[in-house]
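The hints should help you fit chain B onto chain A, whose structure is shown.
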Amino acid sequence: MALGIQLGLSGLAFGGLVFLLAAGLSVILGLMDVLNLAHGSFYMLGAYVGVAVLHLAGNFWLALIIAPLLLSLVGAGLEMVFFRRLYGRGYLMQVLLTFGFSLIFVDLVRWRFGPENQPFPAPAGLTGAIPILDFRFPVYQVFVIAVAALVGATLLIGWRRLRAGAILRAGVSDREMVGLLGIDLARVFTLTFALGAGLAGLAGVIAGPYLATYPGMDENVLILALAVVVVGGLGSVEGALVGALLIGLASSFGPFYRQEIAIALVFGVMAVVLLIRPRGLFGLRA
Amino acid sequence: MSGDVERDLLARLGEELPRRDFLKIGVTTAGALALAACGGSTAAPSSGPTGPDFKIGTILPASGTYSELGDSIRKGMQLYFEKVGSRAGNRKIVVTDEDESAGDTSIPLSKARKLVEQDNVDLIAGIVASPNALAVRAYVDQNQVPTLIANAGANALSRAQKSAWVYRTSFSNWQPSQPMGKYLIDNGIRRLTLVYSNYAAGLETATAIKETYTGQILAEVKPPFPNTSGDFAPFITQINSSRPDAIYVFMSGQDAVNFLKQARAQLDKGIKVTGSGFFVEQDVLSAIGDAAPIGAITGLHWALTLDNKENRDFTTAFKRRFSKTADVFAVQGYDTGRVVVDALEAVKGSTTDKAAFMRAIAKISFKSPRGDFKFDDNSHNVVNTIYVRELVNDSKLGPTNKVISSLPNVVDPGK
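If you're matching them up, the sequences are chains A and B in order.
Following numbering that gives the first Met the number 0, the numbering of the first sequence begins with 0 at its first residue and continues without gaps.
Following numbering that gives the first Met the number 0, the numbering of the second sequence begins with 0 at its first residue and continues without gaps.
Simulated from the structure, these hints should not be mistaken for laboratory data.
Given the structure is predicted, the values throughout are model-derived calculations rather than measurements.
Treat the hints with care, since some could be wrong.
[Unchecked claim] Capping the alpha-carbon separation at 20 Å, the derived lysine to aspartate or glutamate pairs in EDC-like fashion look like this: (1) K74/B <-> D103/B; (2) K414/B <-> D376/B; (3) K268/B <-> D133/A; (4) K221/B <-> D106/A; (5) K318/B <-> E81/B; (6) K323/B <-> D106/A; (7) K74/B <-> E259/A; (8) K82/B <-> D376/B; (9) K401/B <-> E309/B; (10) K366/B <-> D306/B; (11) K91/B <-> E81/B; (12) K113/B <-> D96/B.
[Unchecked claim] Examples of chain B residues lying across from chain A (beta carbon under 10 Å, computed): (13) A61; (14) L202; (15) Q261; (16) I270; (17) D312.
[To be verified] Covered by chain A, per the in silico footprint, the following chain B stretches (three or more residues, Cβ under 8 Å): (18) 62–73; (19) 223–234; (20) 243–257; (21) 285–291.
Backbone N, C-alpha and C define an ideal beta-carbon position, used for all residues, glycine too.
Next comes chain A alone, as it looks inside the complex (with noise of 0.2 Å):
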């Protein structure tokens, strides 16, 4: 039982970073049909900015709030220079470039703080564990739930009830339609971009006590968002949520009990739910 409540804990710190990844992503593909396989590389550079901010400051909650603003300019540039031009373009083409994108991302960070592990120290009052039942339960993971669920309840009150949130669902499901009614949506396009990057670079910044912080940290975290984002369906904010908390706990159960099926089983859960829900259980289309 108490094993259990942990595994549970473990799973739900985990799936609150992916959700921070994947809520991203997929309003990115639900809204401008661009799949980002640069989403991860944000991930990354967060971390490094992190670093950076820790090096030069030594204050993790400065780096706390300038990654994500950074990495929002660094969104919103790539997307009014480069990714602006995919629009309507077919999957491929966004493939190539993003994908090219990622492999600059993690050659430039190699290149300027080489491929060893950066150093990344929890900030202190988070350094501890807590006593939890007849175990004990780190701090630092208490922290990334909370962060995650603050950042999701806001995400969803955000999408549910604002204006904001409004033409973003309005743009995923028709959005000629949201152009037709005089709304900017290069504007719209930029500011979702911006939106995606920052909490991406969130998310690697509060990875970086936790998981370690070195070139290509981005890639497996990548593909569980990937995965989250085709479980909850493209371009909704619940569905990154209930996605990301179904993948974290199999990644998180899967790997104590049975080892052997880790990684099939958090596919698994995606295979199971696109069988019986192909848009995913909150995508609008499939």
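Chain B alone, transformed into the frame defined by chain A:
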């Protein structure tokens, strides 16, 4: 031939250009030719190598999880070649690097093919991951390509899959752990929990320590390899609830970083940390900062602070050349470089008889930064001294492994 072409070209230019310009072009061309001739003669001084280039193909990870290990090995090898001016046995040493891209064994295998069949290399060196080494081994064995394994620790390379064409300059997975079992018992560790990444190298480590550890093994905690979620919390709970005197750990790279970061918060304070030294090597220590498990007792075939002249020279030169602290992988690369150079000298640069070249490799011995270096005839594996190291907080170097005991002459059983 080329003279004809030039004359022809100049003549044709002469038809189209005014005479003065023609002369100008003629003069500059002649000057350039004269310069090229001079350059040609200075590029081949009479004291230089006379034989053809000796080509080495390295297969080492340049991307992915193991890229840092690959980087260290490559730099170690480079440092030794630079030390001898990249020549040995009257031949110039030329290195071609290929990316091992750990993960799928078909990639390193195709890299080996490319190096041998397209680049005509005389020797293959490197290989970090054991499955890759075993895949390449089959190819080089069949095609009789002299090969030096500079990391991959699979016991099989010294046992069932040993080859006349493959020698290992690094270690077998058995070596660091087999003598540590007895050491732990002698030092009062009666109740032990094993913690290892659940793949071949981890299992071989567990088997090795059980050969000499006579105390009680309470549990075997086996996180997956690689642990993609990066989450070790449930496994650390498993360790805590087995209530051991100590844990014996085998992990490396990102897994070691993640495990130690989380263990710092969560592992019960009374549990002593021991293990096969890779999980507290320089690459991990520099990444975990103050999460270093100070007091950890580990066995490995080298330590940064190992006190001998070769090691002092090596660590200083490495730091100066690459602005990076040396690690055990750099030593393995450095020694691999030296084996190549010494063997080339021994055969006086003649490697057409490849079997004789391999015999020369087998006989190499020298003073290495890790102590005396020699191969064991039976296992084709290096004979290592396993140093028992204690992780201390050095006032200058930060967390550093200090040698507290040495267990000499650890030879893989070879079967």
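Quick rundown of the hints versus the structure:
no. : hint              : verdict
1   : K74/B <-> D103/B  : 24 Å, violated
2   : K414/B <-> D376/B : 13 Å, holds
3   : K268/B <-> D133/A : 16 Å, holds
4   : K221/B <-> D106/A : 33 Å, violated
5   : K318/B <-> E81/B  : 14 Å, holds
6   : K323/B <-> D106/A : 19 Å, holds
7   : K74/B <-> E259/A  : 37 Å, violated
8   : K82/B <-> D376/B  : 28 Å, violated
9   : K401/B <-> E309/B : 17 Å, holds
10  : K366/B <-> D306/B : 13 Å, holds
11  : K91/B <-> E81/B   : 11 Å, holds
12  : K113/B <-> D96/B  : 11 Å, holds
13  : A61               : 8 Å, holds
14  : L202              : 13 Å, violated
15  : Q261              : 6 Å, holds
16  : I270              : 12 Å, violated
17  : D312              : 24 Å, violated
18  : 62–73             : holds (count 7)
19  : 223–234           : holds (count 9)
20  : 243–257           : holds (count 4)
21  : 285–291           : holds (count 6)
Of the hints listed earlier, those the structure fails to meet are numbers 1, 4, 7, 8, 14, 16 and 17, in rising order.
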